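Undergrad: Sequence:
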Amino acid sequence: MDKIDQQLQDIELQLLRMENIFLTNTNTILLLLNQLNKNLTK
Numbered sequence: 002m003d004k005i006d007q008q009l010q011d012i013e014l015q016l017l018r019m020e021n022i023f024l025t026n027t028n029t030i031l032l033l034l035n036q037l038n039k040n041l042t043k
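Numbering (the numbering used here), first residue to last: 2 to 43.
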């Protein structure tokens, strides 16, 4: 059971890292879109 628990923890950590990357990428895209919008509405 300990091995399974460890594997689950490892998977959870990987998912959290993936979520963090996804959110970072999304944030970057939104910042770029915001900048583009500012440039187009000058």
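It should be emphasised that the hints constitute simulated quantities derived from the structure, not laboratory data. All values derive from a computational prediction rather than experimental measurement. Positions of the beta carbon are idealized from the N, C-alpha and C atoms, including for glycine. Heads up, some of the hints might be wrong.
[To be verified] Label pairs and their computed distance ranges (CB to CB):
| no. | residue 1 | residue 2 | range |
| --- | --- | --- | --- |
| 1 | D3 | L31 | 27 to 33 Å |
| 2 | Q7 | K39 | 46 to 52 Å |
| 3 | L16 | Q36 | 26 to 32 Å |
Undergrad: It remains to establish, for every hint, whether it holds in the given structure.
TA: Hints, one by one, checked against the model:
| no. | hint | result |
| --- | --- | --- |
| 1 | D3 - L31: 27 to 33 Å | violated, 42 Å |
| 2 | Q7 - K39: 46 to 52 Å | holds, 48 Å |
| 3 | L16 - Q36: 26 to 32 Å | holds, 30 Å |
Going down the numbered hints, you'll see the structure goes against just number 1.
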